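There are 2 protein chains.
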Amino acid sequence: MSDPVILSTKGRDTYQYPLLIQKLLANIAQHSSQEIVSAGRRFTYTEFVERIHRLASLLTGCGIQPGDTVAVMDWDSHRYLESYFAVPMIGAVLQTVNIRLLPEVIEFTVRQAQAKVILYHSDFTPIIDAMRKKLPDLKHLILLSDASDPGTYEELLTQASPDFIFSDFDENAIATTFHTTGTTGEPKQVFFSHRQIVLHSLAAGVTFANNPSGQSFRRSDVYMPMTPMFHVHAWGLPYIATMLGVKQVYPGRYHPETILSLKSTEGVTFSHGVPTLLRMVIDAAKPLGINLTPWAVVVGGSAMSESLADEAANVGITAVAGYGMSETGPILTVARSLAHDPTSVRTRAGLAIPLVETRIEPPGRGELLVRAPWLTEGYGTQAASDDLWAGGWLHTQDIAEQDVDGAIRIVDRVKDVIKTGGEWVSSIEIESLLGTHPCVAEAAVIGIPSEKWGERPLAIVVAQKGRPAPSEKDLKAYMADHAKAGRIVHYGQPDRYIFRDALPRTSVGKVDKKLLRQSLADLHPSPFDVRTVDFD
Amino acid sequence: MSDPVILSTKGRDTYQYPLLIQKLLANIAQHSSQEIVSAGRRFTYTEFVERIHRLASLLTGCGIQPGDTVAVMDWDSHRYLESYFAVPMIGAVLQTVNIRLLPEVIEFTVRQAQAKVILYHSDFTPIIDAMRKKLPDLKHLILLSDASDPGTYEELLTQASPDFIFSDFDENAIATTFHTTGTTGEPKQVFFSHRQIVLHSLAAGVTFANNPSGQSFRRSDVYMPMTPMFHVHAWGLPYIATMLGVKQVYPGRYHPETILSLKSTEGVTFSHGVPTLLRMVIDAAKPLGINLTPWAVVVGGSAMSESLADEAANVGITAVAGYGMSETGPILTVARSLAHDPTSVRTRAGLAIPLVETRIEPPGRGELLVRAPWLTEGYGTQAASDDLWAGGWLHTQDIAEQDVDGAIRIVDRVKDVIKTGGEWVSSIEIESLLGTHPCVAEAAVIGIPSEKWGERPLAIVVAQKGRPAPSEKDLKAYMADHAKAGRIVHYGQPDRYIFRDALPRTSVGKVDKKLLRQSLADLHPSPFDVRTVDFD
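Residue numbers (my numbering), protein chains in the order written: chain L, 1 to 536; chain Y, 1 to 536.
If we strip away everything but chain L, and leave its shape as in the complex, we get (with noise of 0.2 Å):
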């Protein structure tokens, strides 16, 4: 078989267009007459401009190389996206440090990101402190705050040059980095190119811009992040928000009240974070009364429930399931519904976006794997990558299941699954039935050692303020009931019930499953003894 003819323009005068994130900017100044809102204060597009002008001409002035890190700590702010754009577009890496890690663990990661300077705000000043002396990379700290005192971002900025002239360069040049903070292990580097964040814009752009009205995100929508921007580029929005020119809201560090107010004085109507903001924000709006729609929230990062998706509707906002990780950039699916489909097809994980390639191994109920132009390479270390992308496919080691329609359902992670008599039950399917129990806030289900079936869940459960507290024969009775409505096979019944104040979460807002297994180790009798385990 002989080759593709390939075009080639040697000796030509032809300009060999890179995908870089430059060129998400092309025109926006002329093109857009929207602002971007941030810590009270209005900018045009042609002022962010300028303002990447000013921070490309700033770092350069500081030493910055192409190739150099730059990290930024951050609550959400028009500076991180200043940096989102100015950093990676003088061919620098942009680190985006998970300011919610515990100290000695950012210490980690910036460290191994190499950063030579910290654009970081004055609540992390004590990190800063303490860790600065262990940086052998670092050359220069900036200050992020409102005021323009000297030596500071916005009086470094007004003192730049708006005349930066940025190059072309490689696409496959890195743009991006940060730490996965999965709940297993040390964190893990991932790094993401100029073509990668490019290609996850557009394709990402298209799906949302496609979706149907009240669930779609366009030109003419307000957004505001709920994903902190530290987060797998608060999940690709910003770079899709500034490429079409629309109005960005960002609201600092999240407060339920700013965020509602914000909401309503900005005419917010595009959204998206994790299940537990999304609760937080409809905590906040019950008592009010409000109707907050047009809102819509894609929700991520962990499953969302039917009943966080109908308690959202109440307050006005269409919840909407989105899916991936930050190895995948992140976004690999979206889910979409029509008037009339029930909320379970809003919160399935949903339908792969253009360019994202799907396949169930082992077919069925089977581990996710995915291609796409825009997952991350590999780790810092090559064991991991390996692992990673084994036969040429992302494991995201997540189990999931295809809906006829060809929507990806997740049904949970491979870890988490309880492996129980030979069968896989859902930690999450018996989770998101327990939290249809009017008493039940929330649930975690972990597999615990049975020597007769392997694992038998164990299920942690949060009681509903307001309401009786339930008891552990409640919550058998209840779920014997969906078991024999056959909404729940039989030995998915969880043998026990454990209940406590709240979840331990992750710095990203997910359940943490690895903490909660540390804490029940530590019971007596501990769940872990087999001998504690009586299901026949």
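Careful: at least some of the hints might be erroneous.
So the derived list for chain Y, only partly shown, Cβ under 7 Å to chain L, looks like this [stated by the list, open to error]:
#	residue
1	Y17
2	L135
3	G392
Please keep in mind that the hints were generated in silico from the structure rather than gathered at the bench. This structure is a prediction, so every number in the text was calculated from the model and none was measured. For each residue, glycine too, the CB sits at the ideal point set by N, CA and C.
Keeping the supplied structure of chain L fixed, place chain Y upon it in accordance with the hints.
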């Protein structure tokens, strides 16, 4: 300056995702419950994808190898759409033959593209018979017909295997080729790679989905091309429609009655075409007194006059301009307007779509230069390509201006602009103004030589049927009024008017000013004789 860090997966198993046309099909058979309607038949996306596999088996069975050319001569059909995918997906080059050219020119284009297989509609049997012996590379002819007669496309497809396995290859491989149908010189061969078509699909797809409702193209639309599929991949829309899994309707050979009938029976909501075709559809719809809303039609190829857009609106069509060329793959800009905007906002070339960089040289009113990731890298010959890409920007040969909102207005073709008294006057502006006269159906304005002024405008006018015939005196008075009102510069008023029953057009429906000039040169006295010009 050091280099940016490039992602490297040396020795790793990471999948390198190439931007190939087959990737636009990922999951679509599962995701879409829509149909492809053509020639009285209806295909599900599952059937469509299966037929692509069969066509790939058929072509490779004919000995087609990567890099070989497969030519198609057909009206708009599902079979054409199948070739859009199957041919490039096996690594071969799809030649979309402009079947409106003269037979000897068609022969020239097919020979130059070195087609080994031609898929042809029976309407083109005479041309095939006349040229087949003179095509040294030709190995197979496949007749496209609705009947499953032995040896024809449908029968061969039934016999071919549905299990063809597509492989990945370099995204810069040539996917398509065709010849530009410029109004000067012989047709020039242009080329587009897989990467270019995928990026065009994403960027144009984002743009159309984000256009205001009523001017948009989204998953819920019903698509029907009114730009022939040989013409720059029907402006790339069939690729976008397929990527989104929308319902597609292929109208065969264009008859206004067929188009109106399909519009109504299939519920078409989005189309695109040249002004001439829109005019035909309006003329066919008007006597029927029907309202065609909702129907968004993107108009390109030539400038759309405001009067045409208004007439379209009168029959319920929202006509919105787009701009591009054969060389540009084609879409560069798309217009959009809000409810309160005047018609002129929708008839401008519009706003550059994502990833398109524009420059006007000289600034103000000058030639439009562009960069985008989907521009042809050249023509067959080196010298013409060097002109096209002089200085690393593609030269559109169009004179443009930019409005304050960033929208581009095409003022004229470089070769059509009238250089008079040291000023550049747009022939299109004069034509547009003449078109507003109630007795004028359409007008073409060309520059004729003047000893005193260099050039002077001459108008060729087609009278509006059913109206009193306009005289030269009427039109001079009409234009003088406009000049007094400041709607045209004084020296932009044509000196002479010539009346014709129709204007000559190119194979893609544009007014053929080259032919027009030729026919005028044959007049006695010739307007090209400077002695005939008497303007003071």
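So, going through the hints one by one against the coordinates:
1. Y17: 4 Å, holds
2. L135: It is violated, given that the least Cβ distance between L135(Y) and chain L is near 19 Å, above 7 Å.
3. G392: 4 Å, holds
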